[in-house]
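Engineer: These are the residues of each chain, in order.
Number of protein chains: 2
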Amino acid sequence: MTATNDLLIRAAFKQPIERTPVWVMRQAGRYLSEYRATRAKAGSFLELCKNVELAAEVTIQPLDLIEVDAVILFSDILTPLEGMGLELSFDPSPKFANPIRTQADIEALRVPDPDQGTPYVGKILNLLQKEVAGRVPIIGFAGAPFTLACYAIEGEGSKLFSKTKALFFDQPALAHKLMEKLTQMTINYLNYQIENGAQMVQLFDTWAGSLCPDDYDRFVFPYVQRIFAGIKQPGKVPKVYYINGGSHLLTRMARTGCDVVGLDWMSDLKEAKDLIGGQVGLQGNLDPNVLFAGEDYIRSQVKSILEKWGPQSGHIFNLGHGIDKDVNPDHLRAMVRAVKELSKR
Amino acid sequence: MTATNDLLIRAAFKQPIERTPVWVMRQAGRYLSEYRATRAKAGSFLELCKNVELAAEVTIQPLDLIEVDAVILFSDILTPLEGMGLELSFDPSPKFANPIRTQADIEALRVPDPDQGTPYVGKILNLLQKEVAGRVPIIGFAGAPFTLACYAIEGEGSKLFSKTKALFFDQPALAHKLMEKLTQMTINYLNYQIENGAQMVQLFDTWAGSLCPDDYDRFVFPYVQRIFAGIKQPGKVPKVYYINGGSHLLTRMARTGCDVVGLDWMSDLKEAKDLIGGQVGLQGNLDPNVLFAGEDYIRSQVKSILEKWGPQSGHIFNLGHGIDKDVNPDHLRAMVRAVKELSKR
Chain E
5 MTATNDLLIR AAFKQPIERT PVWVMRQAGR YLSEYRATRA KAGSFLELCK NVELAAEVTI
65 QPLDLIEVDA VILFSDILTP LEGMGLELSF DPSPKFANPI RTQADIEALR VPDPDQGTPY
125 VGKILNLLQK EVAGRVPIIG FAGAPFTLAC YAIEGEGSKL FSKTKALFFD QPALAHKLME
185 KLTQMTINYL NYQIENGAQM VQLFDTWAGS LCPDDYDRFV FPYVQRIFAG IKQPGKVPKV
245 YYINGGSHLL TRMARTGCDV VGLDWMSDLK EAKDLIGGQV GLQGNLDPNV LFAGEDYIRS
305 QVKSILEKWG PQSGHIFNLG HGIDKDVNPD HLRAMVRAVK ELSKR
Chain S
5 MTATNDLLIR AAFKQPIERT PVWVMRQAGR YLSEYRATRA KAGSFLELCK NVELAAEVTI
65 QPLDLIEVDA VILFSDILTP LEGMGLELSF DPSPKFANPI RTQADIEALR VPDPDQGTPY
125 VGKILNLLQK EVAGRVPIIG FAGAPFTLAC YAIEGEGSKL FSKTKALFFD QPALAHKLME
185 KLTQMTINYL NYQIENGAQM VQLFDTWAGS LCPDDYDRFV FPYVQRIFAG IKQPGKVPKV
245 YYINGGSHLL TRMARTGCDV VGLDWMSDLK EAKDLIGGQV GLQGNLDPNV LFAGEDYIRS
305 QVKSILEKWG PQSGHIFNLG HGIDKDVNPD HLRAMVRAVK ELSKR
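As given, the protein sequences belong to chains E and S, one line each in that order.
Residues 5 to 349 (our numbering) make up the first sequence, in order.
Residues 5 to 349 (our numbering) make up the second sequence, in order.
Treat the hints with caution; some may be incorrect.
Copies of the same chain look alike in the list, so a pair counts if it fits in one copy or across any two.
With a Cα cut of at most 30 Å, we get these calculated DSS-like pairs of lysine-lysine [as the list claims (entries may be wrong)]:
{"no.": "1", "residue 1": "K127", "residue 2": "K240"}
{"no.": "2", "residue 1": "K307", "residue 2": "K163"}
{"no.": "3", "residue 1": "K167", "residue 2": "K348"}
{"no.": "4", "residue 1": "K99", "residue 2": "K329"}
{"no.": "5", "residue 1": "K312", "residue 2": "K167"}
{"no.": "6", "residue 1": "K181", "residue 2": "K163"}
{"no.": "7", "residue 1": "K344", "residue 2": "K167"}
{"no.": "8", "residue 1": "K312", "residue 2": "K274"}
{"no.": "9", "residue 1": "K236", "residue 2": "K307"}
{"no.": "10", "residue 1": "K163", "residue 2": "K99"}
{"no.": "11", "residue 1": "K163", "residue 2": "K312"}
{"no.": "12", "residue 1": "K329", "residue 2": "K163"}
{"no.": "13", "residue 1": "K54", "residue 2": "K18"}
{"no.": "14", "residue 1": "K99", "residue 2": "K54"}
{"no.": "15", "residue 1": "K348", "residue 2": "K274"}
{"no.": "16", "residue 1": "K307", "residue 2": "K181"}
Please keep in mind that the hints were generated in silico from the structure rather than gathered at the bench.
These figures come from a predicted structure and were not determined experimentally.
Please take these sequences and the hints and turn them into a complete structure.
Structural biologist: Following this line, the structure appears as structure tokens:
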């Protein structure tokens, strides 16, 4: 199905556009009272992820309430690890009851058929196809293997990822075996999302920014490259690659085979465009904190970012990180309105 | 007093050296059982900072135990804010009972005579001069104004610094008034440290890495530049400028007037050298997590970093961030030994 508003897809492929498309990471989230109401009906966060009707409902909320140019599957990057054999809970931050520590743990990991591992994801996407009804594109996503490995090894969030890095540094063969399995799972998972209705896919490598370039080259780059090479419908389904704190890795990100690099807000969009804008499109990159300021300031910063990219196609407006739960939705509406008005060609 | 081992000073000024000097951020810290014993005698962390004898004792411990090429004043970047009128406690993370929120709060801030605001700091440095007795240089330090502003406004640590940024974005005149006072305080404080025995000074701008380049240029750069211009004994006392997560700001950091840019571990030392190594020396930048790996791996990574800089002077070996409390001191000793052996000219 082609979306009526397919600005997102055209911008990702640098095809002509009438204005810059805009969506926001974590746009279906706690800053919306409507989200909080639906979430209360579902129970836990994980139950919401698996409740097909309610997950589709929160996915669509920002389309109606904020008038963004895309919806993104409501899910969490960690849910597919359940299908591999890890016991996931949210408390409220993610925890694994059986983190990966040994060779036996890694060998025991399954690479599931996504229809078995995450059956609800396909169903949510099918329902979204009906309910979005082609108004805007549907974005699918997955966590990148290194980021998943961090969570799986630490067993929870971490500031330093010491256990993960100790395993990667001291037992690289084992680390590569883990990355292999996570890579294969991710390829299957993203293709399954595309088969079920995802029209763009974003790979979130949230924690890869904690690696120095040498370690990124050894442990991350080849796997990300394989994922993008393994995704079906190249040239039709755009592939976005995002790293938080990745400004030291931009040239590498651009070579992974993605169509669009997702920038955090630390990189200057003009500098990033000069560096890699010839190879890929760019998505981003307003500092999420700007949404805590007044509407005039928000508008001035939207203008600044639009001017950094310039009039040609290839830019998707977004925040540089997920929207914070304490943001006033009116401020996000002001941002979206400003993008639409100020980017008209 | 000139230190017998003045490798640190010579490397900072790119003068000839026999080998690369090495010290470690947070080298006087919890990873050492000797530190934990002294700390237990002092009481709280803040009491240790103000106990002249015990603070000097922990300052010197890594010189004897790890054989580093410098000692760094044991203190915290936030202690001078007490002299400005803020009520500081550690629980264990820092808290201000009266955070800065209004114009009146900012106007009420004093710029104290450091001899009144932090009398113990001068005394610790005087005692260090006697006890270190010229074996190695003594490093003084301060927090940079934006980083201090983040703590003073949030009242505690933060992931996003939303309150700080909302104030800077919406009330820039007020923000600049706050930065003015913090800048003047910092200039006085660092000169006071130099008068009392500091032979190199490091400005920690830990949170400036959370700013996009435009905001850094507006809110941070001019103040850091003024601080470095205001520090006495240029050409004799080297000035180091460190940002955590600052790889997107390297060219700006090099123009602040510092002699040495302190790198986190995300920047590649070779790439940073090519970019700014002609203007400044570089300090860093081993991933602190490497110390959780085995000694062979540690040695291989020390070698890699030394090779990235090459044989000329201008590099000070350090971690890219403070050492973690769970590191085995033997691993740090292995790192220091490797630097000394592998960097011999």
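Engineer: Flag every earlier hint the structure violates by its number, smallest first.
Structural biologist: Hint check: 3, 9 and 13 fail, others pass.
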